[in-house]
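Enquirer: Listed below, chain by chain, are the residues.
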Amino acid sequence: MTIETIILTLAGAFLGTLGLSFLINTPRQIVMMSSATGMIGYLFYKYLETAGHGPLFCYFVSALVIALACEAEARIIKRPVTIFLLTALVPLVPGYSLYWSMLEMVRNETIHAAEDGVNAILAIAAIAIGAAVASILAKMVTTIRKRRRQLTPPGME
Amino acid sequence: MKVQNQMDQNWDEIDLLCKAAQMMLESGAETYRVEETVHRMAEGMDISVDTVAFPTSIFVEWKERTKVCRIDHRRTNCSRIDQVNTVSRKLAGHLISPQNAWEQLQNIGEEEGYSRGTRILGYAMCAAGFSLLFGGKLNEFLVSFLIGSILQTLLPVLSRFTHTALFSNIIGGFITATLAVIAYKTGAISDFSPVIVGGIMPLLSGLLMTTGIRDAINGDLISGMARIMEAALLAASVALGVFVSLSLFSGV
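Chains A and B are the protein sequences, given in the same order.
Just so we're aligned: 121 in our numbering is position 121 of the first sequence, and the numbers increase by one with no gaps anywhere.
Just so we're aligned: 103 in our numbering is position 103 of the second sequence, and the numbers increase by one with no gaps anywhere.
Among the hints, erroneous ones may be present.
Computed list of lysine-lysine pairs in PhoX-like fashion (alpha-carbon distance at most 25 Å, straight line) [claimed, not checked]: (1) B/K185 x A/K78; (2) B/K185 x B/K137; (3) A/K146 x A/K78; (4) B/K90 x A/K146; (5) A/K139 x B/K63; (6) B/K63 x B/K90; (7) B/K67 x B/K90; (8) A/K139 x A/K78.
Hints are computed from structural coordinates only; laboratory data are not their basis.
Keep in mind it's a predicted model, so treat the numbers as computed, not measured.
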C-alpha cells in the first residue's frame, strides 16, 4: 500500500464512521473511540485485501478484530456492546456491491445482479459471523473469570 | 401521547417491561438483547415473566396476563439503547425502585440528541468519507460533502409528511444521483459512482442486515428474516430512486 492510499483510507473511514455516528445518535462519550476503532479496523481490512487474501476471509477477520475491540471497550466503559458495534462496523458494510446489485436488478441485468448480490450478502454474513464469534469468545472469557472468582477465595463457605 | 399520559398515573410491572422493550426495539437493538433486558428487569423486581420479542412486536406475559406492544417505526438510536440499558441495570441491581425506573424511562422520550446542524454535518461527513473509500478523489469528496448536507437538510422535512422510510429512501436516492450526474456533466467530477454510493450509504442500512444475521445466528430466526427483508427493501428503494434519476438524466 502506498502512503497516499493509507491516508485516504484512514481519512475516509474515520469521517464516514464519525458522520454516521451523529446520524444514529451514538453517545458523545464513545463517538471518538468507536470511530477510531472503525478506522483502524477498516485499515486492517484494506491491508488484508492488498495482501491478496480472499474477500470473505478479509471481512471475517477484520469484523472479528473490530468486534473484539468493541467487546473490550464495552467492558471497560461499561456500556452495551451493541452501540459500539453499530458504529465501528459501518465502514466494512459492502455498500458498493449492494448498490451495484440493486442497480443491475432494476436495469434487468439479472445475472450480474445475482452475482453482486450474492457477494454482498456473503460479505455481510461474514461480518456478522465475525461479530458473533467475538461475542461468543467474550462471553466465554466472562464465564471463566466468574468461575475462577467463585473458586479462588477458600474458606468463604 | 394521550395513552402515555393515562399510563403515567397507573401502571404496573408489565407496563414497565413492555415500555423498556419497546424503546429498545424501536432503537434497533437485537431481539435477544431485548429479551435479556426484560428478564433482567423482572429479576430486579423479583417477578418471573415470559417474553417474546420480534422487530415488529413484543409480548410480555406475567401472572396469566399478556401485554402486546406494536413497534411501528424503527430507527437506529444508540443513545436510547444505552439509556434504557442503564435503567435496566440499575433496576436489576436494586439500586432504584420500579417507580423511579418508570419515571426515568418516560424522561428518555424521543429526544434526537444531536442538533440539526450536527446531523447535517454528520451526513455530509459520512457521504464524503465513503466516497473516498470507494475511489473518490478531492473533487468527489467536496461534491459528496455538498450533496450530503443538502440531503440531510431535505429528508427530515420530507419525513414530516410520511413515516414510510421507503419513500424517503427513493427520494434520497433520486436526489443523490441527480446531483451527482449534474456535477459530472459540468465536469466537476470524473466519475459519479463513488459520489452516489457515498451519498446513499447512510440510507442503505447495511448494518440492519448484519443485525439480522446476528439475530438468526442467536436462534431468533423470524427476527433475523424480518430484519434482512427490511434491509433488502430499503436498499431496493434507494436503488430505485438512483435508477430513475440515472435513466432520466444520463441514459444508463
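Enquirer: Work down the list of hints and note, for each, if the structure agrees.
Expert: Here's how the hints hold up against the structure:
1. B/K185 x A/K78: violated (51 Å)
2. B/K185 x B/K137: Holds, at about 17 Å.
3. A/K146 x A/K78: holds (17 Å)
4. B/K90 x A/K146: Measuring from Cα to Cα gives roughly 20 Å; hence the hint holds.
5. A/K139 x B/K63: Violated: A/K139 and B/K63 sit about 32 Å apart, past 25 Å.
6. B/K63 x B/K90: Judged against 25 Å, a Cα distance of about 24 Å means the pair holds.
7. B/K67 x B/K90: holds (23 Å)
8. A/K139 x A/K78: holds (15 Å)
Going down the numbered hints, you'll see the structure goes against 1 and 5, while the others check out.
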